[in-house]
Amino acid sequence: MSSETLAAGGAAPSVERQRRKAGKGAAKQLLGILGIIGFLATWELIPRLGLIDERFLPPASEVIAALVVDFGLTAFWVAVGETMKAWFLGLLMAVAAAVLLGFIIGSSEFLRKATNSTIEFLRPIPSVALIPLAVLLFGVKIESSLLLIVYASFWQVLIQVLYGVADVDMVANNTARTYGLGRMARIRYVVFPTALPYLMTGVRLAAAVALVLAITAELVIGSPGLGREIALAQSGGAISGMYALVLATGLIGVLINMLMRQIEKRILGWHSSIRSEVIV
Amino acid sequence: MRTARNIGYILGLPVLLVLVWWVSTLGSVNFFVPKPADLVETFGEVWFGDRFFSDVLPSLGRLVVGVAVAILIGVVGGVLIGSVRWLRSLLEPTLEFFRAIPPPVLVPVLMLLMGITDSMKVMVIISGCVWPVLLNTIEGVRAVDPVLSDSAHTYGISGWARVRYLVLPSASPQIMAGVRQSLSLGLILMVISEMFASSSGLGFTIVQFQRSFAIPEMWSGIVVLGLLGVAMSFIFQWAERNILRWYHGQKEVENAA
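In the order they appear, the protein sequences are chains V and E.
The opening position of the first sequence corresponds to residue 1 in the working numbering, with each subsequent residue numbered one higher.
The opening position of the second sequence corresponds to residue 1 in the working numbering, with each subsequent residue numbered one higher.
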């Protein structure tokens, strides 16, 4: 991508600017790393100086050591696997259902109006309200996590798809119709590309929400995964272990964010919102 | 005629759904699904009594305090970090990491640090809700229109006046987007903190009903949480319309042009 941009920019000044920008970027990264080191140092010092009891907040070095030990344990990776499985399956089901319903509802004026009040009412219901129901229906199995994840992520995606489908350019749509494109062909070549950026935004938001709900379900209900390990470590007094697992969930969150951004970039490479980001 | 049709659009599907629910539970005695009439009756009995004062109001109080403090910290911190470039570069990766931690895992951590107290629950709400507001404010402050910024500079507007009349208004659409996220997060955290470790409050009561297999009561609790979510969403929309009236007006003009 960057070589293309260079070729497009062509002249020397832009190369110069790019180099200066790269320098600035490196300085920024350095500061960022400094910030992380500073945070870890503060964390290390607070218990060491006795501001908070070491039993309740172990120093950073101890927690990181515990995390490294975790990395070598099968049980840790099994828990991570369970969490990721619930996350992925839940997200997949939510996105599939939301895309299907979103395109059906969005393409009809009547359906859009008729469902609006119901959607606006159901959407803000916090998915944690379903926890008791999940426990009754599924107990501590993965289905409990899935119920919460699907409910929470479904609305994120559905709303975005509805916006996206409503955003279709009438001129483009009428042009397609004039050229004799059928309903399916118009959905494929006009509606779908218009809605795709919205859909990707929805999926990105839903991916973050799905992780929160996966961990929540494990923590509160006790379905298998990292959340349950955290609750167990806390009640068992393995405090460094608990902090290590919290760090691990944060790392997974960061990885998921990065992954979703990459996927968005890959899929929407043709779209101006991404391309302008690359050029400027 | 038009209003009648609009009312039809708004009420049609909900009425239909309730009818389906009513008809499908008419003959059956499904243990998990209460009849609509039973649910309404239980709802009144359970929630319009002592419980309203002993469980609902304290929960709401914690939620309001937590979210308000989180918004305050988020906006003040965001303006500060967003205006100072080196500070932003220094803190951004760390803050991104904190945002990526799923907030519910803070419940056991804070329980350990603070014990099971009211202030722990408020702290859970604050420490979960602060990130969306903080990071959105930073983003909004950073994206202040450079022409406006330079004009303000030329006119010698600086310090508090600059924050009040330039930075906050330009960042407010972004800030409101953050507030919206943290409101729904706050409700979730309120419920979780009470489910995980508490002896009172909405979350605790609902779990208690579920554990004692008081199914209609449990459903009525779910309905309460749902209504709370809906009410918060309406209040937010109303507030946003008022605070961002100028912004929506501007958007309309831009779109019309």
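Derived by calculation from the structure, the hints in this document are not laboratory data.
Where a beta carbon is used, it is the ideal one built from N, C-alpha and C, also for glycine.
Warning: the hint list may mix true and false statements.
[Claimed, not checked] One-sided and incomplete, this derived list gives chain V residues near chain E with beta-carbon spacing under 7 Å:
id: 1; residue: A26
id: 2; residue: I36
id: 3; residue: R112
id: 4; residue: T201
id: 5; residue: T249
Now the hints, each set against the structure:
no. : hint : in the structure
1   : A26  : 11 Å, violated
2   : I36  : 5 Å, holds
3   : R112 : 9 Å, violated
4   : T201 : 12 Å, violated
5   : T249 : 5 Å, holds
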